[in-house]
Amino acid sequence: MARQAAAADFIRSIIDQDLASGMAERVIVRFPPEPNGFPHIGHAKSSTLNFGLAAEYKGRCHLRFDDTNPATEDQRYVDAIKRDLQWMGFDWGEHEYYASDYFETLFRWACKLILKGLAYVDDSPEEVIRGMRGTVTTPGKKSPYRNRAPEENLELFEAMRAGAFADGSRVLRAKIDMAHPNMKMRDPLMYRIRHATHYRQGDAWCIYPFYDWAHGQSDAIEGVTHSICTLEFSTNRVLYDWYLDALEIAPRPYQYEFARLNLAYTITSKRKLLHLVREGIVDGWDDPRMPTLAGLRRRGVRPQAIKTFCNSIGTTKVDSTSDSGLLEHCIRDDLNHRAPRILCVQDPLPITLTNWPEDRTEIISAPYWPHDVPRDGVRPVPFSRELLIERSDFSEKPPKGFRRLTPGGIVRLRHAYIIRCNHVEKDETGKAVRLHCEWIEGTRSGSKTTLKPKGTIHWVEAKQSLPVIVRAYNRLFNQSVPGEEFLEALNPSSLIEYKDARIEPSIADDPREQRYQFTRLGFYWRDPEHINSDLPVFICIVTLRQAIHDHPEPAQVASKVEKPDGVARPHDAQLEHQSKTATPAKNNSKSKQRSLTADEEQWLKESGLSAATGLAIYGVPAASEFLEAASEHVSRVSVGNWMANQLLPALKGAPLSSLPFGPSEFAELVQLADSGKASTHEARAVLKLMLASEGSPTKLLAGVQSSTVGDSEILSDIVGNVLSDHEDRVDAYLAGKTGLLGFFVGQVMRRTNGKADPRQTKALIEEELAGRAT
RNA sequence: UGCCCUGUAGCUCAAUUGGCAGAGCGCCUGGCUCUGGACCAGGAGGUUCCAGGUUCGAAUCCUGGCGGGGCAACCA
16 MARQAAAADF IRSIIDQDLA SGMAERVIVR FPPEPNGFPH IGHAKSSTLN FGLAAEYKGR
76 CHLRFDDTNP ATEDQRYVDA IKRDLQWMGF DWGEHEYYAS DYFETLFRWA CKLILKGLAY
136 VDDSPEEVIR GMRGTVTTPG KKSPYRNRAP EENLELFEAM RAGAFADGSR VLRAKIDMAH
196 PNMKMRDPLM YRIRHATHYR QGDAWCIYPF YDWAHGQSDA IEGVTHSICT LEFSTNRVLY
256 DWYLDALEIA PRPYQYEFAR LNLAYTITSK RKLLHLVREG IVDGWDDPRM PTLAGLRRRG
316 VRPQAIKTFC NSIGTTKVDS TSDSGLLEHC IRDDLNHRAP RILCVQDPLP ITLTNWPEDR
376 TEIISAPYWP HDVPRDGVRP VPFSRELLIE RSDFSEKPPK GFRRLTPGGI VRLRHAYIIR
436 CNHVEKDETG KAVRLHCEWI EGTRSGSKTT LKPKGTIHWV EAKQSLPVIV RAYNRLFNQS
496 VPGEEFLEAL NPSSLIEYKD ARIEPSIADD PREQRYQFTR LGFYWRDPEH INSDLPVFIC
556 IVTLRQAIHD HPEPAQVASK VEKPDGVARP HDAQLEHQSK TATPAKNNSK SKQRSLTADE
616 EQWLKESGLS AATGLAIYGV PAASEFLEAA SEHVSRVSVG NWMANQLLPA LKGAPLSSLP
676 FGPSEFAELV QLADSGKAST HEARAVLKLM LASEGSPTKL LAGVQSSTVG DSEILSDIVG
736 NVLSDHEDRV DAYLAGKTGL LGFFVGQVMR RTNGKADPRQ TKALIEEELA GRAT
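Reminder that position 40 of the first sequence reads as 55 in the numbering used here, one-by-one numbering, no gaps.
None of these hints come from the bench; they were simulated from the model. We treat Cβ as the ideally placed atom computed from N, Cα and C, and that holds for glycine. It cannot be assumed that every hint is accurate.
[To be verified] Distance windows between CB atoms, simulated:
(1) Ile296 with Ser407: 27 to 33 Å
(2) Thr713 with Thr331: 43 to 49 Å
(3) Pro526 with Ser460: 26 to 32 Å
(4) Ser335 with Thr713: 48 to 54 Å
(5) Glu401 with Ser460: 44 to 50 Å
(6) Lys463 with Glu401: 26 to 32 Å
(7) Glu40 with Gly691: 34 to 40 Å
Assemble the whole structure, with the sequences as input and the hints as a guide.
Structural data, given as structure tokens:
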């Protein structure tokens with residue numbers, strides 16, 4: 016199912032092409048986490064993509080730990096990553112790899128580049144190297160060590176490995192181009208000296224490769240075909256290619272980039288998440304508010320919901336921020352048919368049924384599932400004189416549309432009776448402490464009654480219900496995109512604890528990892544971290560959509576909240592408007608045209624071409640000569656248009672001199688189009704043929720036209736067929752939707768494989784439709 | 001200010017490669033219902049970033065402009 020949802024995104028299209036062209040025989044991808052933190056929902060997107068690709072194309076996905084930095088990496092994170100990926104249901108078989116296992120190969124390959132004169136040891140201090148790199152707009156400067164002899168470089172590099180030098184005293188750099196417009200190509204660093212203990216390699220190494228040097232080569236070692244990473248690495252791709260080319264590795268992997276996941280009102284930066292953990296702002300990596308997979312798992316989210324979410328947001332190159340509401344929808348959808356409904360009151364308000372006998376307890380057999388979930392099962396629920404209802408289900412002064420209990424009003428108790436509230440008992444502050452209600456006989460669930468309460472509320476029996484703690488969560492941040500000052504955006508009431516909650520007694524016999532829907536509230540389960548506590552602790556996995564019982568945020572923090580009145584219930588986590596589509600200065604946009612140089616202006620004037628056409632031609636080598644030569648017998652404007660819009664784009668940057676034809680043949684083609692001897696469509700087809708082979712335009716046109724539907728009787732047959740096949744649209748057209756004309760023309764073009772003359776077709780259709788109008 | 005990526009409904013994405021601009025989520029209305037859920041039916045919501053050009057026809061091709069993101073770690 017989810018597979019089908021994952022339609023052909025740009026990556027799948029590339030893979031399809033590569034498979035079809037034989038560029039790749041099979042699909043080998045990899046998921047390459049660095050073991051320096053816990054995986055989060057963003058890693059879920061990436062791993063769902065990669066492991067999904069492997070499954071769809073019957074290839075494989077390697078798990079490779081990108082562990083080239085001994086300072087931050089740890090076995091603990093390796094374990095966490097493996098555990099979480101397994102939980103997600105991903106299987107990498109025996110293909111578990113570590114970049115650190117490739118250190119020896121990488122070293123050898125680096126020596127190879129040194130001997131080819133493509134890498135050198137630089138003795139410059141860190142700051143000097145940085146200073147000489149230049150800026151994005153200014154070129155860098157060459158290091159004085161840049162031209163060391165390969166033999167000397169090799170000797171030094173081996174000494175680096177042997178531990179002869181101090182940390183930071185030397186680096187190995189690739190020798191590329193210090194003036195390259197892409198800064199990643201300005202003699203990038205390949206190795207640094209770090210006398211540090213690596214969590215896997217111990218003290219075997221004191222030089223460590225950088226990402227760019229390690230990654231592509233690791234891909235190559237593993238035979239990866241498609242190396243899929245996130246957008247921020249797109250500038251690294253040129254370097255990725257350079258290393259592989261320099262090493263002359265074949266067949267080699269190729270890198271493709273997609274947009275990482277951003278989720279509104281949360282963060283997916285390992286650095287920032289680590290900060291929350293270290294500072295104790297959250298209760299560890301698996302705090303249920305964390306976007307980590309460990310946090311989601313503890314929260315009670317099932318991996319299938321995460322996968323559905325990841326597939327439904329798609330894979331593109333557009334940097335976007337997903338609405339957390341979509342994730343929540345996937346979680347609800349996943350749980351709806353698998354979580355039995357039970358009753359739990361989070362914030363109890365006692366009620367007494369004054370007309371119910373004190374010693375009478377009725378055991379109600381209540382179904383676990385609502386009518387629309389085709390599952391069976393019931394549990395006993397005690398009902399007596401003393402009950403508890405949700406405090407927010409009662410209102411003395413009900414707002415408009417309130418469908419719950421009010422003084423004098425009636426309401427249905429879920430699975431039980433209709434009651435009426437007769438009296439409100441209050442404390443000295445005016446707060447309701449107990450409702451005196453009457454039970455209405457004969458209104459038990461399932462029995463016929465003429466009473467029509469406006470709503471149904473949940474409840475529990477006062478004495479037999481079980482005390483529990485319920486923890487509910489609001490979003491961790493108050494800003495949709497927390498940014499660098501994320502600590503200031505923290506939501507002070509992201510955790511709401513209900514200490515006096517009461518739950519129906521049936522749960523005592525249930526498995527502790529059972530997930531429930533608390534009727535009218537949301538989906539819940541027991542916190543796995545407190546699974547054996549005497550007082551059960553329940554976690555809210557996700558609220559119901561438009562749940563009435565939001566988890567309130569204390570009033571005193573309201574002023575700190577972005578939208579003071581906005582109770583942050585997860586489902587209204589709509590993004591506030593982002594000025595993303597803003598295109599200002601709409602009205603006076605005419606003045607926005609680029610100012611032309613004097614030369615350009617002069618040329619444009621002389622050529623008589625429009626600016627758009629002229630600028631496409633101006634500056635292309637030999638183009639204006641070509642234009643002049645071709646314009647001898649045809650209108651210059653026509654030639655210009657054909658050049659700018661058809662010829663030059665088809666050339667894709669190749670020089671005009673590479674054309675198999677000259678200006679006069681081109682002029683002949685333009686002439687055919689101008690004179691009407693060839694339709695635009697035909698002329699384009701001729702151009703295509705001219706680019707691919709020899710032959711005069713007129714001759715080629717004859718070939719094209721021989722298969723043209725020139726016969727007007729045949730054409731009107733086809734027109735008739737199209738119209739009768741789309742009667743509904745004909746009606747719509749006649750009703751005024753004249754834009755449909757293009758659709759009809761298109762249909763005819765399609766049926767004739769583009770061989771009908773569009774003008775003639777259009778005229779025929781209009782004529783035909785005019786006939787039908789009367 | 002250089003290079004790379006990128007602009008389609010409130011959000012996330014489609015659009016058979018130039019031929020009716022659609023889906024899911026969200027929102028609204030109605031139906032059903034003993035959950036303000038789910039489900040069913042319907043609806044609103046678009047200058048396809050803007051301006052030109054080519055074309056019978058442009059979200060799609062061409063030119064120019066504007067907006068958003070990334071790149072100057074001995075991080076990945």
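The hints, checked one at a time:
The hinted window of 27 to 33 Å between Ile296 and Ser407 holds, with their beta carbons roughly 29 Å apart. Taken as a hint, the range 43 to 49 Å holds for the pair Thr713 and Thr331, whose Cβ atoms sit roughly 46 Å apart. For the hinted restraint 26 to 32 Å between Pro526 and Ser460, the CB-CB distance of approximately 27 Å keeps it satisfied. Ser335 and Thr713 have their C-beta atoms about 52 Å apart, which keeps the hinted 48 to 54 Å range intact.
Distance hint check: the CB atoms of Glu401 and Ser460 are about 20 Å apart, inconsistent with the given range 44 to 50 Å. Our hint of 26 to 32 Å for Lys463 and Glu401 holds, since their Cβ atoms are close to 28 Å apart. As the Cβ distance of Glu40 to Gly691 is approximately 51 Å, the hint placing it in 34 to 40 Å is violated.
When held up to the earlier numbered hints, the structure conflicts with 5 and 7 and fits the remainder.
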